[in-house]
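Enquirer: Chain by chain, the residues:
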Amino acid sequence: MTTLADLVSVSARFARSANLERDVSSVDPLDGYIVTARAVDVVDRLATRATSSTAGGAWSITGPYGSGKSSLALLIDGAFGEEGEVRDKALDLIGSASPDLRAKILNAHKLHGTGQSGFCLAVATASREPISHTVLRALHSAVIRRFGRIPPRTKFKAAQALTDALSDQSSDDPRRTGPSPAALLAVARCLAESAPLLIVIDEFGKNLEAISSSVDSDPYLLQQLAEAGQGSEIPIFTLTLQHLSFEDYFATAGNLEHREWAKVQGRFEDVPFADSPAETRALIETVFEVDDSLCERIDSWASGMATAMGKLGLEDLSTRDAVADCFPLHPLAAAILPELCSRYGQNERTLFSFLAGSDAAAVPAVLARQELADTEPLPVLGLSEVYDYFIEGEIAGSPGVNGSRWREIATCLRDAHGLSAQEWTLAKSIAILNLVGASGTIRASKTLLGQVAKRPTTTLRKLEQRGLITYRSFADEYRIWQGSDLDVRTLVEGASATLAKLPLIEVLSRFDSPTPVIAARHSAEHDTLRVFGRRYATTSEVVKPLSPFSEVDGELLLLVDSESRCPAIAEAGLSKPIVAALPTSLTALDTSARNLAAIHQALELPEVINDWVVRSELGEQLAQAETLFHEAFISTFDPQNCAWFLLTEDGAEPLTSGRGTAALSAAADRTYQSAPRVGNEMINRTALTSQGAKARGMLLTGMIERASEVDLGFEGYGPEVAMYRAVLERTGIHQVDSQNDASAFSRPKDPSLLPAWKTMEDEFRRSRKRRVNLNDLYAALMSPPIGMKAAVIPVVATAGLLAFADDVAIYEHGTFKPLLSPELSERMVRNPSHFEFKHFANTTGARRQVIDELAARLEVRPSFRQHRVANVLAIVGHLVSQVNGLDNYTLRTGNLPETATKAREALVTAVEPDELLFTALPKALGFRPVPANTKTYTKARDYADSVGKALEDLTGCFGNLLGDLYDLLLEECCESSRTAVVGQAAALENEVLDPNVRAFVFALANESLHNDIDWIKAIAMVVTEKAPAEWTDDDLARFQRVMPEHIAAFHRLVALHAERRADGGGPFDALRVTVTQADGSELARLVGIDQSSRQMLEQVLDDALDKLSEVTGSQRRADHALLALLGERMLSTGRSEEGAGTTEAELQQVEEAQIA
Amino acid sequence: MPEEIRHICGISGGKDSSALAVYLKDRVPEMEYFFCDTGAELPETYEFLTRLEVILAKPIARLNADRGFDHWFEIFRGALPSPQMRWCTKNMKIKPLEQWIGDDPAISYVAIRSDEANRKGYVSTKPNIESRFPFVEDSIDHAGVMRILDDAGIGLPAYYEWRTRSGCYFCFYQRKAEWIGLADRHPDLFERAVAIEQKVLQDAGVDGDADFGKQAMKGRQYTWSGGETLVQLRARRDEILERHEAAIARTASTRPNLPLVDSLADVLNEDDDTTPCTVCAL
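First to last, the sequence lines map onto chains H and C.
When you read off a place in the first sequence, starting at 1, and then add 79, the result is the number in the working numbering.
When you read off a place in the second sequence, starting at 1, and then add 528, the result is the number in the working numbering.
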């Protein structure tokens, strides 16, 4: 019996992987080696450097496991080694791929004189050890290869260094740290003197792992080796082979180490080493040697297969030769192998162990089992054989990131029983295709599976019925199905059945509403973004108008009930535009929406929620269904596929539809005819950015605080200035009044803003009869035909309120606000609905007369200059501000004339300005109310006088109280001025006093207070423990009662103080010294001098006067000078702030008096 | 020409800052006094400030008199301030102060006493403001503060009879017993606090028909006092007072002859240990 193995042999080279140290200097490992483009690249770099300079170089070759790095090292070793069989073999291999490279290597040998001896080859495979150990082993092997043993020093200068290094390395003495880098460098240099030194370290990653996991690692040796080769004209070539870049080995190390290694890697030229799938496939083709007797059959098989592959879209495999090269592999198997190996295995190593390994599932064993009959179709190894090796053989032990999918599929097929051969083949093929990837041409599609098995349809259906595979119609792909008790199709069909009874609108209501759209042309032409919200609707609906405060400028109804008419609209009035789109066909939308909703519904079933297998399957179906729905939505509501109407009270007006949102633009054109043009995108919008809100806040504050200044006092080019220019300046709302040269707010000149302004004026006028909520004004401005953007309104409304400040009153939460202040404006912007306004202008007849009289009596002027006469608000504003300035005493006391008390009551409780002025206040002051519709009011002047008098009583009340208190105190003290009292009290300051009087005495003695009023306030406060401004009448009474007691106690203390002094030290004089200044203010001191010290003091004074007389020339002048200077000093210490200006002339009087 | 350095002294309405103001009256004649007015202080505080102004013979600058709590409550559309969202301190204390000072070089005098030198007051992080601690420098302790106030004849703010700290009448750092104190002494203010709370609760959908889910619950406080509404708190009046009295008795037995001010502080501190807002309380 003939098997395939008899006619197809596998190259021995691929049977095992290479080991650098073992295979060096041997021909066998090179047998069958394929020099790939990558290998040529590396060898070429080496050869080019060796021929172009006398220095060396350093390369780090980085490639994945099993990509043939070690084999490459063997090739390099052979090519640059000594003359002989191995070098010839290596050069032949290289020459077959690149003759130029072969010549270059020979040239290198010639240049360096190594034609016979070859380069010094220091080759080692690293293990987890310090770099120095590996390098030493490599250098040692080079010495042995060259000299047979370590030569004496006479022949090899570095012999001693090498011996020392070897003994260091083998020593158990912990104090020895292993071979020193210096010694190793010396050996390397010495070797390189005789011939170029080529250091090759395979598995260099092991060294790096050792370093990254130990503390005392030092990358410096490596750097030195690399530098030794590069700069110093010494031909040292270093080649390291590893599967990650240096840095990746130190991913978990600290920053410092990381940087250190990045630095070392910088010394090396990094060469990535990995073959592309196409290159890998090229390798596969070289593995098999096929007996010539088969060629004919292969050709016929290949030509049929190539056509099939072409149909599948696999261009690479669509030629007969390409397919034939794959034999004995099925071209599909060859196509997926590179991807499969790199994803789940160790690249070429896995690939070649499959192709040439000894495993029972590997190719050689399969070939040996495969019988070959002359008549039957040529047997080939297909996807199912690949599956057997990779999954059943569990070759890919650690499939890594893709592991879960791998296990899922493996488990699934392992648990399947009783399948026929064809079923197995198909199931396994599907499995392996699923693993490689679902997208692209190589997927388990119906057509592709037709190449795997003959007439697979029935078998596939059977597999599907068994629940082993599932077909995804949307992707034309079969999937291995992990199995679930639930049948996805039934679930979705069940959901569809329930949905079928629902009208389409209800199905659509389950999805998110379509996003709003912009009427593009209209927005661009009018500098204002018009956004239309979209929703599904039916003709039976009675459409409600949009709220003026809605965030959108209009609504687009997408009609979904196949009726060819528009819905009716309820009381449209000045509502924002509502457009209806009637699609010509709803079929696609209906089908896709119901399908999508069915999947959604299925996903929400309780049994599905707990079944992740079904859930993930439905999840993928959902994504597909969403795409389909989206496409259907777009085509259904395409402008050309719909009829468009603007809904009005009078019925539906057809709109011309062009491209895009032309119909919406047409609707906006018709609706927003009086829209203002605001040339600032930052403010002309519905909601501001935080930056914009800040700028608008600054603008509003400027409007309120600096209305009369040019440009509101703004300078520069900030956003608030840009807003000012766009909304207020260019429109003419804020401009310089030519009459009085001050800026003010008034009706705009810009015709586009005029309708908005007039609307506002209408609203103000409307508020003559009753208060109007500010939101009504907002609504009027936001509604068509104006449609002002919400963020602009506060600016325009504030301009209006300021322009009509004397006519329009503002109320917050129902309370009259006499002034539009920045903080009020902040609240107004935030909550317009909390505010109301009312118009008070154009008062005539009797009321006009009263206002004029009041304005004259109270000296009230209108707040804005364009108003020639004051009106209700100006008068009331004045009254309210006066009342607000009153202290609590005045607000509470009964010590006021009766009229003032009643006027106060009226002012404090007033809510409505006109009510106050024309009814409450006249009543309080004993006048008749002022009627609105009479011509004259005879008592107008008397009334105004009375108001003025009452106001004066109120504002003067507190001052009068303090004056009274002051007089009362002086009277009680029997003194005529504050100074005298302060002087008496100051004398007690350093005495030990009872805490009860202490504060009182301190208050009396307080000189730092600048005037009588402050002084008496402090005293009154100390007496009553309450500031006079907070007094009630009871506090006043208490003061009147308690103060005399305090003064009496104070007088007793003064007397006691004097007596005590006298008792203590014999005769005692008390002197009162008063210094009076030019302005009449005084400083007084009581000075006590007892007899015992008097004599001594007088002696000192006499001496001083004697000395002074010598200077001044006369006794009398000396007396005066002393007095003047002393007085000046007293003044300067007593009144430090005035002392500097005091002169002798100001010292008018010095009084001396003895106190009894 | 070097810029004029401003000297500023903040007054909270409490005893320490008031004593410091009096203490520095003659020492730093160019002193500017300020008070961050929330518009919601206790009447006792306003009354006390007027007293202090009389003694200082200078007006105390009222910062943000125009934008008090009511203003910000409108602006924040009914979110109560809370320890997690203390917009009150930020908008009514820190911002107005920093705005008032501007970029002028200034020395700020802080009323930390020598016996509490470790306490943290509001020390501005602005580079142009230098902080000084005169009580710490001059070793003035609690007794010293009381003496300064007594000598000046202004005494203590009246709220010390039932509350330990100055600040808004509805301060959320208030202890339960202090809320009862407010209800007893200022029923009108208590009712206003209840009204504010009720408005917030209603806006948030409690007892109302607003969509509760739409109100961002994160970091928002819906009641002034933890865990209950003011109405519920007032219903527990007797229980709270009982506990409070018991605590006073306990303190009295462990530390005899303590002035009421201090024993109250001790007791209320026992009640909870939340760190009060130093900006307001100092």
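Source of the hints: derived by calculation from the structure; they are not laboratory data.
Each residue gets a CB set at the ideal place from its N, CA and C atoms; glycine is no exception.
Heads up, some of the hints might be wrong.
Facing chain H, from chain C, some residues (calculated, C-beta under 8 Å) [stated by the list, open to error]:
| no. | residue |
| --- | --- |
| 1 | R595 |
| 2 | H599 |
| 3 | E602 |
| 4 | R605 |
| 5 | M674 |
No farther apart than 25 Å at their CA atoms in a straight line, the calculated lysine-lysine pairs in the DSS-like style are these [what the hints assert, rightly or not]:
| no. | chain 1 | residue 1 | chain 2 | residue 2 |
| --- | --- | --- | --- | --- |
| 6 | H | K848 | H | K623 |
| 7 | H | K773 | C | K654 |
| 8 | C | K727 | H | K896 |
| 9 | C | K623 | H | K773 |
Enquirer: Are the hints correct? Go through all of them and say.
Expert: Status of the hints after comparison with the structure:
1. Taken as an interface hint, R595(C) checks out: its beta carbon lies about 5 Å from the nearest beta carbon of chain H, inside 8 Å.
2. Annotation: H599(C) was flagged as interfacial toward chain H, and the flag holds, the nearest CB pair being 6 Å apart, inside 8 Å.
3. For E602(C), the interface hint holds, the least distance from its beta-carbon to any beta-carbon of chain H being 5 Å, beneath 8 Å.
4. Checking R605(C) against chain H: minimum C-beta separation of about 7 Å stays under 8 Å; hint holds.
5. At a threshold of 8 Å, the smallest CB-CB gap from M674(C) to chain H is about 11 Å, leaving the interface hint violated.
6. Between K848(H) and K623(H), the direct Cα distance comes to roughly 30 Å. Violation of the 25 Å bound is thereby established for this hinted pair.
7. For the hint pairing K773(H) with K654(C), the CA-to-CA distance comes to about 22 Å; that is within 25 Å, so the pair holds.
8. Under the criterion of a C-alpha separation no larger than 25 Å, the hint pairing K727(C) with K896(H) is consistent with the structure, at around 23 Å.
9. For the hint pairing K623(C) with K773(H), the CA-to-CA distance comes to about 16 Å; that is within 25 Å, so the pair holds.
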